[in-house]
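Engineer: Going down the list, the sequences are from chains G, D, X and S. Letter 286 of the first sequence, counting from 1, is numbered 286 in our numbering, and no numbers are missing. Letter 187 of the second sequence, counting from 1, is numbered 187 in our numbering, and no numbers are missing. Letter 170 of the third sequence, counting from 1, is numbered 170 in our numbering, and no numbers are missing. Letter 83 of the fourth sequence, counting from 1, is numbered 83 in our numbering, and no numbers are missing.
Worth double-checking, as some hints may not be accurate.
Since the list gives no way to pick one copy over another, a pair counts as held whenever it fits inside one copy or between any two copies.
Claimed, not checked - The calculated SDA-like cross-link candidates involving lysine to any residue, where the alpha carbons are at most 25 Å apart (straight line), are:
hint, residue 1, residue 2
1, K198, N179
2, K47, N279
3, K163, S260
4, K35, K258
5, K35, F67
6, K166, L34
7, K163, N149
8, K257, N43
9, K257, G323
10, K49, S357
11, K47, N194
12, K47, E66
13, K198, P218
14, K35, S127
Hints are computed from structural coordinates only; laboratory data are not their basis. Note that the coordinates shown come from a computational prediction; the quantities given were computed from them, not determined experimentally.
Each chain, written out:
Protein chains: 4
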Amino acid sequence: MSGNSFGNIFRVTTFGESHGIAIGGIIDGCPAGLKIDLEYIQNELTKRKPGQSRITTQRKEEDEVEFLSGIFEGVTTGTSIGFLIKNNNQKSQDYSHIKDKYRPSHADFTYDAKYGTRDYRGGGRSSARETACRVVGGAIAKQILAHYNITINAYVSQVGDIKLLKHYNQLDLETTYNNPVRCPDKNLADVMFNFIDKTRKEGDTIGGIVSCVIKGTPLGLGDPVFDRLEADLAKAILSINATKGFEFGSGFDSVTKKGSEHNDEFFIENDTVKTKTNNSGGIQGGISNGEDIYFNVAFKPVATIMQKQNTVNTNFEEVTIDGKGRHDPCVLPRATIIVESMAAITLVDHLLRNRTSIL
Amino acid sequence: MSGNSFGNIFRVTTFGESHGIAIGGIIDGCPAGLKIDLEYIQNELTKRKPGQSRITTQRKEEDEVEFLSGIFEGVTTGTSIGFLIKNNNQKSQDYSHIKDKYRPSHADFTYDAKYGTRDYRGGGRSSARETACRVVGGAIAKQILAHYNITINAYVSQVGDIKLLKHYNQLDLETTYNNPVRCPDKNLADVMFNFIDKTRKEGDTIGGIVSCVIKGTPLGLGDPVFDRLEADLAKAILSINATKGFEFGSGFDSVTKKGSEHNDEFFIENDTVKTKTNNSGGIQGGISNGEDIYFNVAFKPVATIMQKQNTVNTNFEEVTIDGKGRHDPCVLPRATIIVESMAAITLVDHLLRNRTSIL
Amino acid sequence: MSGNSFGNIFRVTTFGESHGIAIGGIIDGCPAGLKIDLEYIQNELTKRKPGQSRITTQRKEEDEVEFLSGIFEGVTTGTSIGFLIKNNNQKSQDYSHIKDKYRPSHADFTYDAKYGTRDYRGGGRSSARETACRVVGGAIAKQILAHYNITINAYVSQVGDIKLLKHYNQLDLETTYNNPVRCPDKNLADVMFNFIDKTRKEGDTIGGIVSCVIKGTPLGLGDPVFDRLEADLAKAILSINATKGFEFGSGFDSVTKKGSEHNDEFFIENDTVKTKTNNSGGIQGGISNGEDIYFNVAFKPVATIMQKQNTVNTNFEEVTIDGKGRHDPCVLPRATIIVESMAAITLVDHLLRNRTSIL
Amino acid sequence: MSGNSFGNIFRVTTFGESHGIAIGGIIDGCPAGLKIDLEYIQNELTKRKPGQSRITTQRKEEDEVEFLSGIFEGVTTGTSIGFLIKNNNQKSQDYSHIKDKYRPSHADFTYDAKYGTRDYRGGGRSSARETACRVVGGAIAKQILAHYNITINAYVSQVGDIKLLKHYNQLDLETTYNNPVRCPDKNLADVMFNFIDKTRKEGDTIGGIVSCVIKGTPLGLGDPVFDRLEADLAKAILSINATKGFEFGSGFDSVTKKGSEHNDEFFIENDTVKTKTNNSGGIQGGISNGEDIYFNVAFKPVATIMQKQNTVNTNFEEVTIDGKGRHDPCVLPRATIIVESMAAITLVDHLLRNRTSIL
């Protein structure tokens, strides 16, 4: 009820502030008997880790996950999986200058307003550091999805005005993580990299779009009415820091379309019902139809900039604030793995919920 | 868990197929002592009612709501509010031609795949008729919001390529329901009307955008991490039939912005913290900051068109299907009230959840 | 969150006051493809119906259930099942004398204290009339359990000091509903009947015990830690009006036992693990072990008596109150079916939750 | 959904096996601004700690709790509180002899049956060690209750046939923890101590009853119908290891009572509505009426005895098993604090849920 849990059957609950002792969480509802690849999980975490190139923050977070329960001799026991990631590299003094000032477009002001108190060292609970726990949950979810041959690939498709125009089928999504931008088009990735780096040097930040493709989803996931698969995906994705929009299938482009051009006609291929086009984005009436699920996510520019800004302090006086600390000029390169993780958690939850026959 | 409920404390659970005896629901968690204006609720339902002009379906649904419990002598008792809306005008024979055929971009196929059975008369549970129950829940939610001076106004801001370019502050949102299109710009409403009507005559359908503005939200609504206010709004909105995308505040436009131009600087006005711009859309770190909340919703063109289409039947044979029955050429005019209702339910739920002090 | 729902996956939500238009509910999460025997459901309701003999209240409630959705051509569709039972025979004038007085050991005072308002005609939401909706839910749950060969039999094992000493294996539980007391020992049932009738003539009421036996539960139902099967059964049962205690297996008798006499030793029979004794009551570590589940429920004497009592009124003045209206001298005969229903709902919920393998 | 969480708004989720690296949990929904007394929490844990006298297990668990988040400068921030307790003293070799044997009346068999796997070192998740986490949650809950002047006192009222006959008002409940039995009657505590010690020397174990009294509960806690306060307390209590029964107020004694003697007549004292007797146990219609809440809990004898027993092994062969390891001859002395903790968590959850007015 306080919004620190996600999922119904497969449920991830997280805790931890960016500058506390540790962050961590509990994964509940993971089926028993799942062989866990710890190296895979650590590898997923590394994709989110800061400090990987000069276009991400230079903070050195080790992000080493320790599992405390629920896994015995390398296999899940069906009980709750507790884990933690220690905060080794927090530099609390970096934040002392903003203890009494509300950073523009950050959560400092709303947290104080809601709770009357706040851990002012960094963003506390609103820091993107929390998302490392989602990556742990997602990495376990992905290992369940692997048993169903479901794959999830997110990638950066736009940074500022630089837009990847190719359809995802024209891209090799296995190469996404080969470059620091996480754009599977190598040439465009270079352009994006230079643009982000230039923005960084200007002390500024920039937004962009992460696209995501889910292949292999079986027929029948998602529930009617409120818990439609796209609705739950939307919630999952928009719970990620800095997101501003979500569209699936034809998305916002559909609004200018006629029904006669937008409808996905059915046909038969190998005794299976397929659609000729996939404007539905793999979901019809809230339920997966077996086609690819794909969606786009808008990310705003990072709020922390290396420039002087006007703001107010906790005494409600107008002041200015300087940019300081180690921050990302663009959140996109580190966001793809978070998008994948939240999508994976959502899918596993619906897989485990999907019991519609009597026996 | 089967997705027929929405909300945590203020919770709406619905039932009913489009061609069964009745649809209805239970509103749980409504505080006691709320004076209920039944005429207001009926009036809200009328805004959703089909058959109001020639650009909406000519089905005559009375949509008269009967309350069965939870209201005593005109005031809520704090107990669960049961209600129903009888289905008086269903014409089951209209649908006999599609009993064995899967309509393109409808839920027929996915429902059969998920449940192995389905009420083939109309869309059953996936019919937009279900949304009448959401309007009942929303109409009660709005009466709670009125005690907080919170107002919610949705309107049609785009139909096909016809786009309303004015900012919502330049519009008189009280006039939205004065025309059948539900666009508060009278002149543009006429253009939209003619375009929808032309589309209807061609046996086709068209998509569009509904915009929504929420004014008066107190500081502090929304929870950190997963149950951010925008995430719950996104889920609420994308659980509405025919939606394809959701963006709030600066939305997808933010992706091309620099942090220095996108950040909302704080200032003081009448001892209150305000933001100079509102790219945040009234929500920072998942929590309302007191500014206007606003968002856009993409709706696809209605799937039922009056044209022959290729599809498959329940025996997995390729067949054609004719357009028949009474349907909307554009879902937008009837969707505004549903958007408002889901937003209202979401806000009331967060209002009632928002208890952060010890006593 | 307002306590009108029970169950996680198989979830029953109810509404309705005793003297409103109707009571009813929504059953969510019922699997698709279940053939529904409507006569069976009505027959279960009849077991709870008042006015069946002179030891139950002489109110004539028809208790005819109408299903409004979720069942198509006699089979569940997997969507939410809405139903209602009209209140045809409420005599609101019977209650006018207690509009302003708090009946001792009733919920009048606590409802007013909690909600500041209440439907004073009868017990409103706290009336046992609400339990008719649980019987509807239970009757559908039992039809699911029948596919698993799980049977649930509750019976009256004690009324006042009159106690049935036989073990349930010595009784023919199929005969329970053959007599108005619902005690499967015909001779003792007669003694109980006469005692209840004598109590009734004295204008008084009497308590008793309902015992319940569940046979055929598969291994593995129930979750560790908080959602133990016995914990969920306890909650289900103690949510029934007038209950005061719950014990399962050896129950309160276990407190004087040594471990060496109380432990249930395992042995093998037909390649199956069995226990020699069943002090565990079929549940070990919160999880069913395949043996019979059995438990006892204490019911207090009905609070409404036909005698003058001291109490206070809504102005906080001390007054006397007369006994009036049509009430049960003993709740037990009508309670057995409610106990069975709540146990059935709990078991089906755990059956549907019990998914522990990956695929 | 996997039963590792308790509570709706104030929610405790736990993880950890008895012989893993650590146990721990997340407390979600704790209001902000609560000053946390860490010493108090540690002191509560010490009450549960084994090895405190020769009638409890001689295992040396330090049970030192570390808080990882949610508390900043000694005050709760309103965000999720993560904590862990390291397992320092597990002796896994103690359990090797039972790796392949199912201990009678333990959860070994049902866990294997449910999950197909299990951490065989000790009881794993079903070990009472898990309850240390509940004590942490309860100790925080009690600090919230202190702001409402609500007190909870549990004590041992029966061990085997030795029964404390005094009413709780005749006892000084503040002295309960002054003796190792946790019985507030010093003389009877000595008798109980000797009896438990004698039982221990015989290699046997014994059951008993814990009684609990809650004073100061405000009017209006508890919800109607399913989430009655007594139903939620029953679930909370019966989720504790080794419990077999729960009764509140007059409990099982009420079954022989007439309504005329059992009803609690109302009267006025200091402008407050009071009841002359309190058979209701402080709860009427599921809602607290301001009187003392009191209940009894039956605990069975501990299953691990120091005697040879018949059982079966994981190959489904009949074998014998020896008693070994360090175990409690009677669970009661360590159970009182767990009962208090679960009651405290339940009450705080209902306190925070109890919002029935519009504004």
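Engineer: Now tell me if each hint is right for this structure.
Structural biologist: Structure-based check of all given hints:
1. K198 / N179: within (17 Å within a copy, 50 Å between copies)
2. K47 / N279: neither (31 Å within a copy, 29 Å between copies)
3. K163 / S260: between (29 Å within a copy, 21 Å between copies)
4. K35 / K258: neither (48 Å within a copy, 41 Å between copies)
5. K35 / F67: within (14 Å within a copy, 30 Å between copies)
6. K166 / L34: For K166 and L34, the Cα distance exceeds 25 Å both inside one copy (37 Å) and across copies (47 Å).
7. K163 / N149: Cα proximity of K163 and N149: none, with 30 Å in one copy and 42 Å across.
8. K257 / N43: Neither way: K257 and N43 sit 42 Å apart in one copy and 32 Å across, limit 25 Å.
9. K257 / G323: Classified as between; 18 Å across copies, 45 Å inside a copy.
10. K49 / S357: neither (43 Å within a copy, 32 Å between copies)
11. K47 / N194: within (20 Å within a copy, 52 Å between copies)
12. K47 / E66: Within. Shortest intra-copy distance 17 Å satisfies the 25 Å Cα cut-off; inter-copy 30 Å does not.
13. K198 / P218: Answer is neither; intra-copy 44 Å and inter-copy 40 Å both fail.
14. K35 / S127: between (32 Å within a copy, 24 Å between copies)
Against the hints set out earlier in the document, violations occur for numbers 2, 4, 6, 7, 8, 10 and 13.
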